[in-house]
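J.: Using the sequences and the hints, build the whole thing.
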Amino acid sequence: MAENIIGLKSVRELLGLNFFIPDYQRGYRWTAQQVEDLLNDIKDFKSNNLQNYQFYCVQPLVVRMMSDNETSEKNLGEGIWYEVIDGQQRLTTIYLILRALKEELNKKHFPQLYSLKYQRNNKVESFFENPQIDDSEIDLYHISNAYTTVESWIGKYWDFDTKLLETLISCDMDEDGRDKANNVRFIWYESVNENPIKVFTRLNIGKISLTNAELIKAMMLNRHNFTKKSISDITLRQQEIASEWDAIEYQLQKDEFWLFLNKPGYENPTRIDYIFNLMCENNILHLGEEIYEQIGNDKDRVFRYFYEYFKLRNSDLNACWGKVKRYFNTFKEWYDDIYLYHYIGFLISQGSDAYTLSEKWDRSSTKSSFIDDLKKQIREIVTKIPLCYQYDEDGKDKWKCRPILLFHNIQTVINSNIAQKENDKYKLAVFYKFPFHLYKLEGWDVEHINSNTINPEGDSATRKEWLTNIYLSLSAESQEKIKEYFTITNEQKKETIYSEIKSLIPSINDWSQEEKNQIWNYTLLDSSTNRGYGNAIFSAKRRIIIGKDKGELLKIPKITAEGLVMVDANKGKSSFVPPCTKNVFLKYYSPSVSENNYWTIPDAKYYLADIKHCIQQLSKPTTIEKENHGDK
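Residue numbering for the sequence shown follows the working numbering, starting at 1318 and increasing by one per position.
In short, the hints are calculated from the structure, not lab data. What you were told as hints is all true, and nothing was included just to trick you.
Simulated pairs of lysine-lysine, DSS-like, Cα-Cα distance not exceeding 30 Å:
(1) 1713 x 1929
(2) 1922 x 1738
(3) 1616 x 1677
(4) 1929 x 1717
(5) 1628 x 1640
(6) 1738 x 1937
(7) 1425 x 1360
(8) 1424 x 1473
(9) 1693 x 1757
(10) 1937 x 1899
(11) 1616 x 1497
(12) 1922 x 1819
(13) 1713 x 1904
(14) 1692 x 1899
(15) 1717 x 1904
Ranges of calculated distance between the beta carbons of each label pair, as one might list FRET restraints:
(16) 1479 x 1701: 55 to 63 Å
(17) 1357 x 1704: 53 to 61 Å
(18) 1629 x 1439: 40 to 48 Å
(19) 1933 x 1598: 34 to 42 Å
(20) 1449 x 1639: 55 to 63 Å
(21) 1465 x 1495: 32 to 40 Å
All figures in this text were calculated on a predicted structure; none of them were measured in a lab. We put the CB at the ideal spot given by N, CA and C, even for glycine.
T.: Listed below in structure tokens is the structure:
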């Protein structure tokens, strides 16, 4: 089984090699700014207080060794040739820099550069031999422009040319075969038995570059990491690791799993990088302090971390891969457990990191003791703001209660699962999970339940909805007045009817502004729904939220001379409605409901009592029937 070759190659190691740029690639297109950026980066690197082994890392150079038949067919001449699949822009730019420093190279007895042959334009090679400004063709224009930029830059920083050349071609091997020089190195990715055009298409047309994970995978599965085994045993083990790798990546690609552990916005196409990043940042493979400090801080840091590990004489593939699996299996066990999923998901949403939690997990003797520790951490968060806290009337600080409201939802889901599990009818480990992925992907607001406006029924549309909602609860005489309201056009008469009906309703909704700005009048809602109803009355909010949950646009029933006429709902966009938000507008917390049009003080008290009850559950020790703590 042929495997791809992964490693690092300094520019010095490229001297004397032959590279073929096939015609399926576009020509050289770097701008003067891009060339200057590369030169400035190298200068900045060299200007640092560098220690041995630190180097400037260039993006992957993806190549394929060509067969003798291929080199013969293309008249490439003798020697080993590499087809460049990706990285030709940087490879050509480095070549142009070396070409501009050719006199200095000759002084150091480095007469030979690496060779570049472009299938699409053989005039480029003539330019390399005798650089002259040439804008007769687009390829020559860009290459000559880049070369002029290099010469101008070297002229500007004339006192740096020796250091620039030194950074490009220096090499200083220690007794273990490690290069100590502060030089420029490519990540070298040699593709074996892969269709080069398909690889090029994936890396360029789709704009999907090689990730650290893909580079690590190629390096990890290298046959040299499998010691004292037969070819068949090595092949089998490679297939096992590759299969396990794919299974881990498949699970991490699921947003409901990924966003349980992470924030949105991760752009890498592969997600197993998350575990490799975690291992690198915490030096899980125990690289020596000197080596660990030398791996740098750029985006290729993680690859270099594993590269250095597998260069060690005592590196152990099975131990390394075992640590990757251990972290994944820990995350998977958390995800599958009702308590761990919700409590850890909450803590991560509040800024905790999975690595620190995994360390505590490993140190815990039992699952229940670990859960109790999670509950203690959560209790510290949700009790920072007292439940009686008076929030600003303008709502500027209501975000402070978001953790409490989120926790209320999470503990409610846990309680629901426990209740369902106790019912033998449902043989499910987890009946329902709080969807952290939806919570994180949608913007969330802390919203007033009872409108924060002084007169929420001040406009015509709101009055119509209010009158419609109370229609069925009134006497026949009052219903006739409401019918009249909807059929007449005289605004003064409408105002009189509205005032008469309003006087029939007890003043159960007289909230002070202070009462309106306490947690018993707040709930979580996605920002799009919140913007959709603004300061609507309770009954309107209830209608909109139920519609969002059902994926329907619930219309207000019409009142005609014949009475109440129901109106069919339209198809709408569904949204995730948190369970406690849904419970609020269904008046789930109130043991008896006498008024559906308003969120009343008694309703709010029952709601607050449920929040208190959920927080109190954090102080109770956890009892689990089966203490299954990983492999312990």
